[in-house]
Amino acid sequence: MQKWQKQTLKLMTMGAAILSLAGCASAQSNASQGNNATGKTVKIGVNMELSGAAAGYGEQQKQGIQLAAREINQAGGIKVGNTKKKVQLVIRDNKTSNTTAASVAAQLVNNDKVVAVVGPATTNAGTAAIPNMTKASVPTVSPSATDPDYTLQKNGKVQKYVFRACYQNNLQGSSAAKFMTTDLKAKRVAILTDNSSDYGTGLTKAFKKTYTGKVVSSQAFQEGDKDFNAVLTSLKHKHIDAIYAPGYYSEIGLIIKQARQAGINVPVVGSDGMADTKLAQIAGKSNSNKIYYTTPFSTKAAASNQVASKFMSAYKAKYGSTAPTFSALAYDSVYMVKAAIEKEGSANSVKIADGLAQLKNFKGTTGTMSIDKHHDAEKTISIEQLTNGAVSNTYNIK
Amino acid sequence: MQTFGQQLINGLSLGSIYALLALGYTMVYGIIKLINFAHGDIYMLGAFWGYYSINYFHFNFWLALFSAMVVCAIIGVVIEYFAYRPLRHSARITALITAIGVSFLLENGMSYLVGANARSFPQAIRVVTYHWLGLRVSNIQLLILGTACALMILLELIIKRTKMGKAMRAVSVDPEAAQLVGINLNQTISFTFALGSAMAGAAGVLIGLYYNSIDPLMGMTPGIKAFVAAVIGGIGSVPGASLGGFIIGLLETAVQAVGLSAYKDAVVYFVLIVILLVLPAGIFGKRTREKV
Numbered sequence: 001m002q003k004w005q006k007q008t009l010k011l012m013t014m015g016a017a018i019l020s021l022a023g024c025a026s027a028q029s030n031a032s033q034g035n036n037a038t039g040k041t042v043k044i045g046v047n048m049e050l051s052g053a054a055a056g057y058g059e060q061q062k063q064g065i066q067l068a069a070r071e072i073n074q075a076g077g078i079k080v081g082n083t084k085k086k087v088q089l090v091i092r093d094n095k096t097s098n099t100t101a102a103s104v105a106a107q108l109v110n111n112d113k114v115v116a117v118v119g120p121a122t123t124n125a126g127t128a129a130i131p132n133m134t135k136a137s138v139p140t141v142s143p144s145a146t147d148p149d150y151t152l153q154k155n156g157k158v159q160k161y162v163f164r165a166c167y168q169n170n171l172q173g174s175s176a177a178k179f180m181t182t183d184l185k186a187k188r189v190a191i192l193t194d195n196s197s198d199y200g201t202g203l204t205k206a207f208k209k210t211y212t213g214k215v216v217s218s219q220a221f222q223e224g225d226k227d228f229n230a231v232l233t234s235l236k237h238k239h240i241d242a243i244y245a246p247g248y249y250s251e252i253g254l255i256i257k258q259a260r261q262a263g264i265n266v267p268v269v270g271s272d273g274m275a276d277t278k279l280a281q282i283a284g285k286s287n288s289n290k291i292y293y294t295t296p297f298s299t300k301a302a303a304s305n306q307v308a309s310k311f312m313s314a315y316k317a318k319y320g321s322t323a324p325t326f327s328a329l330a331y332d333s334v335y336m337v338k339a340a341i342e343k344e345g346s347a348n349s350v351k352i353a354d355g356l357a358q359l360k361n362f363k364g365t366t367g368t369m370s371i372d373k374h375h376d377a378e379k380t381i382s383i384e385q386l387t388n389g390a391v392s393n394t395y396n397i398k
Numbered sequence: 001m002q003t004f005g006q007q008l009i010n011g012l013s014l015g016s017i018y019a020l021l022a023l024g025y026t027m028v029y030g031i032i033k034l035i036n037f038a039h040g041d042i043y044m045l046g047a048f049w050g051y052y053s054i055n056y057f058h059f060n061f062w063l064a065l066f067s068a069m070v071v072c073a074i075i076g077v078v079i080e081y082f083a084y085r086p087l088r089h090s091a092r093i094t095a096l097i098t099a100i101g102v103s104f105l106l107e108n109g110m111s112y113l114v115g116a117n118a119r120s121f122p123q124a125i126r127v128v129t130y131h132w133l134g135l136r137v138s139n140i141q142l143l144i145l146g147t148a149c150a151l152m153i154l155l156e157l158i159i160k161r162t163k164m165g166k167a168m169r170a171v172s173v174d175p176e177a178a179q180l181v182g183i184n185l186n187q188t189i190s191f192t193f194a195l196g197s198a199m200a201g202a203a204g205v206l207i208g209l210y211y212n213s214i215d216p217l218m219g220m221t222p223g224i225k226a227f228v229a230a231v232i233g234g235i236g237s238v239p240g241a242s243l244g245g246f247i248i249g250l251l252e253t254a255v256q257a258v259g260l261s262a263y264k265d266a267v268v269y270f271v272l273i274v275i276l277l278v279l280p281a282g283i284f285g286k287r288t289r290e291k292v
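Protein chains in written order, with full-length UniProt numbering: chain A, 1 to 398; chain B, 1 to 292.
It is possible that some hints are incorrect.
[As the list claims (entries may be wrong)] Have a look at the derived ranges for each label pair, beta carbon to beta carbon:
| id | chain 1 | residue 1 | chain 2 | residue 2 | range |
| --- | --- | --- | --- | --- | --- |
| 1 | A | Asp-354 | B | Gly-109 | 36 to 46 Å |
| 2 | B | Tyr-81 | A | Lys-157 | 25 to 35 Å |
| 3 | A | Ser-392 | B | Pro-86 | 16 to 26 Å |
| 4 | B | Ile-224 | A | Thr-41 | 43 to 53 Å |
| 5 | B | Ala-266 | A | Gln-74 | 47 to 57 Å |
| 6 | A | Lys-316 | B | Ala-266 | 53 to 63 Å |
| 7 | A | Asn-155 | B | Lys-33 | 53 to 63 Å |
[What the hints assert, rightly or not] Going by beta-carbon spacing under 10 Å, a handful of chain A positions derived as facing chain B:
| id | residue |
| --- | --- |
| 8 | Val-80 |
| 9 | Thr-83 |
| 10 | Lys-226 |
| 11 | Tyr-335 |
[Claimed, not checked] Residues from chain A that keep clear of chain B, each with C-beta distances beyond 12 Å, as calculated:
| id | residue |
| --- | --- |
| 12 | Asn-82 |
| 13 | Thr-99 |
| 14 | Gln-153 |
| 15 | Lys-160 |
| 16 | Glu-223 |
| 17 | Asp-225 |
| 18 | Ala-317 |
Calculated directly from the structure, the hints in this document are not laboratory data.
Built from N, CA and C at the ideal position, the CB exists for glycine as well.
Chain A with its partners taken away, still in its complex shape (with noise of 0.2 Å):
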């Protein structure tokens, strides 16, 4: 080897050690104190998928989520004890990576000093963040995470530091499963997972716990799939009474579509995921019939929820859209965190924590919820119901 390479090849390793470094920085072990919130503000810590795979949901939940701070902030910000205190959001990418969002986790907690975080959105990325959060006893809040496992430990004793806004797969999965049986009558599903992510395959497996009938055929496809064409041309000979399809708008939207085109007309039952209003862009408003989702936040619901329609008309006005069920649920995550707060009248980062744990019918956008022994927000769940690309029925599951 020549001499400038062997100083070019030292040079690298070096510096590649450096960054592995920097990327683990982890958070230093104060544990018994946490962050406290000094000066006027309150930091929040946004950790978020804001490019990369998950990018869509991430770049909605932020939206919710400056929402939800521009609103409290311009009612006076969060009461502390005896003043009021301004949010100050610390918004960080995460790039759906697991190793960033780790980093992420640790540079929010020692650099930004923030007292509680919004985020991730997904479980993989949530769990990865977990270890440096507790470390710095900061509790974080994840909108969308609906892994059962994300808020346990793996002894199966509950994250001290890990809440969620969402409900868990296990309640999603079965109530869907309820439905079919019941209201759809359905003997015979196929079920269509997205395996690409523990979203869908926890579903999925939550479904086949609960359903009583035949899964016919149980078929896998990857986030970010087009043709659906093949899987269900050999579905169609199956005589199925309809289809279960755990997955997000982007990917269900073609499904139906060319479920359609297919001459398949059975029911599609999915989750929340598909709860945007882009599913029925994409999948074309003609063929968007018989469309079912299980969703924490229902758009009909929202017309007899005070804190829900205040929400659909606010986010209306900045972004000019239907709110979709992600932004709701980040911008309840950071309501949460306020909620917290004011209860333990202390904006320290351990007490945020047992705050939130303690938090009993709160009234969010998605819902009256109580936080339950492991974490998982308890709300009411509902199914939707699409004809024609509208909502058109709203089925309550108990």
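Fit chain B to the given chain A structure using the hints.
Coordinates of chain B only, in the frame set by chain A:
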């Protein structure tokens, strides 16, 4: 039998898209031995051009298709000029990594500019489904197949029958010797990029119309699949790329048809490995002896 025929149609329409994309990979590789990883993203830009030109300039479909080809050709030439040309004489790995960089730039640049959400493509042509012997074929599927075949024939004619095509073939055999006989190297390479990118642009608009959903990351997976198609057909060979595209499309459809949808990508890559073991140069690839 009906199902088989229907799956054949599905496979062919999917395959024609891969084939259109694979052509760009294979031409660029043939001429400067560069795997242009940004190719899949040019296809994405084509789809977005289609989206904006139909929505805001109210182009009809054909005009959108044609203008997307022109715009993508220009983008391809610009990318070549700024990103690859300065590296022409450096190691091949440098150019390859630059290509990956350009790909990231385009994907994340577009995510930043237009947002990462999937959006619906304007339906410039009404979908009509023809029923024939129990088979369903939509006019858009026929359109894709027809356009893809027409463009492939056109490309073959350009390469085999025109002066520029002759220059391209000469450069791909021996760039130095080609320059000695008076071929303008830079012009020829730019032309190749333009041609390949135009194909990708056309594929982008066709896909947008067919699936009705576009997003800034849509080029990633099809880009890799098309690359596999090009390798299977024999990278550097134009008919090979078309054939490879159809093979991949049909293969993917077949795997899903028998109910192994979870393994469809795995099977595609497995076939790639087998073909590389049995026919290292691909199906139509020329086995060339390394000059010592």
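Are all C-beta atoms of chain B more than 12 Å from that of A/Thr-99? The assertion about A/Thr-99 holds, with a minimum of 17 Å to chain B.
Can you let me know if the beta-carbon spacing of B/Ile-224 and A/Thr-41 is within 43 to 53 Å? Given range 43 to 53 Å: holds, Cβ gap about 46 Å.
Distance rule for A/Gln-153, whose beta carbon must clear each one in chain B by more than 12 Å: Holds: least Cβ distance 30 Å, greater than 12 Å.
Would you settle whether the hint for A/Tyr-335 is holds or violated, based on the nearest Cβ-Cβ distance to chain B being less than 10 Å? Hint on A/Tyr-335: violated, closest Cβ of chain B at ~24 Å, above 10 Å.
Cβ distance range 53 to 63 Å for A/Asn-155 and B/Lys-33, holds or violated: 55 Å, holds
Beyond 12 Å from every chain B Cβ - status for A/Lys-160: Fine: 33 Å to the nearest Cβ keeps A/Lys-160 off the interface.
Per-residue hint verdict: A/Thr-83, partner chain B, C-beta under 10 Å: Check failed: Cβ of A/Thr-83 comes no nearer than 38 Å to chain B, outside 10 Å.
Could you check the hint for me, namely that A/Lys-316 and B/Ala-266 are 53 to 63 Å apart, CB to CB? Check failed, 44 Å falls outside 53 to 63 Å.
Hint says 25 to 35 Å; check whether the CB-CB distance for B/Tyr-81 and A/Lys-157 agrees. 59 Å, violated
Closest C-beta approach of A/Val-80 to chain B relative to 10 Å, hint status: At 35 Å from the nearest chain B Cβ, A/Val-80 fails the 10 Å test, so the hint is violated.
If I take the minimum Cβ distance from A/Glu-223 to any residue of chain B, is it greater than 12 Å? The claim breaks: A/Glu-223 does not keep its Cβ more than 12 Å from every Cβ of chain B (closest is about 9 Å).
Kindly confirm whether 36 to 46 Å is satisfied by the beta carbon distance between A/Asp-354 and B/Gly-109. The hint (36 to 46 Å, Cβ to Cβ) holds, given that A/Asp-354 and B/Gly-109 are roughly 44 Å apart.
Taken one by one, the earlier hints fail for this structure at numbers 2, 3, 6, 8, 9, 11, 16 and 17, listed in ascending order.
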